[in-house]
Each structure stands twice: as structure tokens, then as C-alpha cells.
Amino acid sequence: MTARKAAARILTKRTCKEITDLIFGYLNDTLSRSVKRDFQRHLRVCPDCVNFLNTYKKTVSTSQSLRPEEIPANVRDNILDFLRKRIRKSPLSS
Amino acid sequence: MLAYRSITDQNYPVEGHSGATPQIPALSIFPRSAARLNRKRKTEFDDTDLIERLKAGDEEALEAIFNRYSPKLYNVAQRILGEVADAEEVIQDVFWTAFRKAKSFRGSAQFSTWLYRLTINAALGKIRRSRKNKEIEYEEYLPKFQKDGHHSVRPVVDWSDTLDEKYAERELQQLLNDALDELKPVDKSAVVLSDMEGMSDKEIAVMLGLTVSAVKTRLHRARLFLRGKLAVHLGHSAA
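As you go down the protein sequences, you meet chains A and B in turn.
Take the first sequence: its position 40, counting from 1, is numbered 1121 in our numbering, and each next residue is one higher.
Take the second sequence: its position 41, counting from 1, is numbered 63 in our numbering, and each next residue is one higher.
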């Protein structure tokens, strides 16, 4: 079998759509051994899916790198003020 | 852009795809790795004493708990709601509820989990009540496939390296924040809890009252949407 035919066979076994659906499981390492093998075989012959996977991973790593929203000092003070007033108005211990 | 050509075509791979064997990207980059979870566990506090004092109505215990958890809870609320005033209201309600209902906390779930749940429920409830819950169609930014299941737009461009080159960190953060704001509230909550808080799918399922399978589906779809938004910003096809 020629390399081209072998590649076509692999790409037919698992389509790009199926590979896209499996990305989540692949990155979390929850695919079964045989499915993972199919996934990796597909990637070896499909540059489109490799590129898609790279951009998916980049999206996740960018999302993970988002800086947390910091609580502004005035908001923090407002909330603490509110809580103190409410507690004094209706303390649990009374 | 090259038109899709069937893989059974004798000419496959098409032009631009006949080079070296593609490198398979490294396996796991996700935050729920054992190392990250271990780091997370180590930073968790022992709240037992504070909870007991809270149950007794101790104001100082509430302030200590506020100081401990408000930064994380505020981040979650602000990310879900998008408005400082809304996040303030939610966090205020969460800690007031925590004070009033501390006695009902049985310790079956971690205290921090309880606070997160209060925060998410309050934030999602606020969105429902405000009717800001616009229905967003993801389709435009999701990958497209031919009937035979292969990419409809080819080649798929790998822009993963150009993203950092094209945008300064602040711009990139803003770009992703804007895209996050277009997600459905529950999906946005799942992304925030997963990517920013490092929670497992199981923990997220508990927080959002979903099955683990539903969490995975929502997270994957949300990430495909975010990916599509970034691709379009860079001048490429979302497909």
C-alpha cells in the first residue's frame, strides 16, 4: 500500500470532525488506548487537525493566563460596611 | 484558501500539506493536572475554627472568612456578571447568607465549595432576573466540516504562535474577556471555574448542578467558540 493510500485510510477511519470531538478527552488524557492511538495516527497524516489542535490549546492556555479581577478597595470597604451594619442590626447571637 | 478536496482523491494531501510529517502536539496542557491540584489542595485553609465561630455569630470570624475568600469569589462573580456593581451586590449577599446560614453548614462539602456555590447561584440568578441572558448563537464561530467529516476550510491555519506576537498581553486579555462575555452564563461559569480556578469537571458539575458529561460538552463547545473568535480576530476562518 502506498503512503498516500495508507494516509487516506487513516483519515477515513476517524474523520476530522471526530478528531475535533475527541480533543477535550485527548488533552485530559481520558481517551481509551485504542481511541488515543487512532487520534494520534490521524494527527500524523493530517496537518489541518494538528493546526486545529495547536490553536485550541493556545485558546485554553490564553484563557488560563487571564489575570484575576481584583476586588477594588472601595467595593471591599462597602461590602464590609454593609455586613457590619447588618450584623449589628440583626445579630445571630441575640 | 484552498477548497476542500476529498481524502480519497488521488491528489491528497493537497498543496501545502505534502511537507514533513506533522508534529503531534504534546499531550496535556490542562490545569487539572495532578501537580496543579496538589498545589491547590495545599493552599486550602483549615476553616474549622472560623466556621464554629461563625456559627456562634462572631463578626470577626466573618471578616476573617471574607478576607480569605472574597478575592477568589469576587473574581468569579465579576467574570460571570461583567459589572463591578453586580459583583459587589452578589458578594455582599453571599457573605451575609454565609453568616446567617452558617449553622446549616454540615461540613459534608468543603466550606469553600459552599461559598463558591452560593456565589455562582447568586450570579446566575441575577442574570436570569435582569434578563441580560441573551441567547447567543455559537455556530458562526464553531469549526465546519464537509459531509464526509473533514475540515470544510483548508488549510486550517496554525496561529498559535502569532497570537502573542500580534497582541500585547493587555490587548490579548481584553480580546479574550470580550469573547468570554459572549458565552452563555453557564458556559462562562464553567470556563472560569476550569481555567481560572483550576477545578475538576466533577467539582464544576457540583457547582453548576450539571452532570460531568454535560460539563465536558459545555467546556469543549465554549472553547471551540473562543478559539473561533480568536481566529477571526487574527483574520482567519473560525472553521
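Hints are computed from structural coordinates only; laboratory data are not their basis.
Keep in mind it's a predicted model, so treat the numbers as computed, not measured.
Keep in mind that the hints are not guaranteed to be accurate.
As the list claims (entries may be wrong) - From chain B, some residues computed to sit far from chain A (all C-beta separations above 10 Å):
id : residue
1  : Gly147
2  : Asp203
3  : Arg245
To be verified - Simulated crosslink set (DSS-like; lysine-lysine; CA at most 30 Å straight-line):
id : chain 1 : residue 1 : chain 2 : residue 2
4  : B       : Lys125    : A       : Lys1138
5  : B       : Lys125    : A       : Lys1170
6  : A       : Lys1094   : B       : Lys166
7  : A       : Lys1117   : B       : Lys238
Just so it is clear, CB atoms sit at the ideal spot from N, CA and C, and this is done for glycine as well.
So, going through the hints one by one against the coordinates:
1. Gly147: At about 18 Å from chain A, B/Gly147 clears the 10 Å cut-off, so the statement holds.
2. Asp203: 12 Å, holds
3. Arg245: 6 Å, violated
4. B/Lys125 <-> A/Lys1138: This hinted pair is violated, its Cα atoms lying about 44 Å apart.
5. B/Lys125 <-> A/Lys1170: Cα-Cα ~19 Å, so holds.
6. A/Lys1094 <-> B/Lys166: The hint holds at about 19 Å.
7. A/Lys1117 <-> B/Lys238: 18 Å, holds
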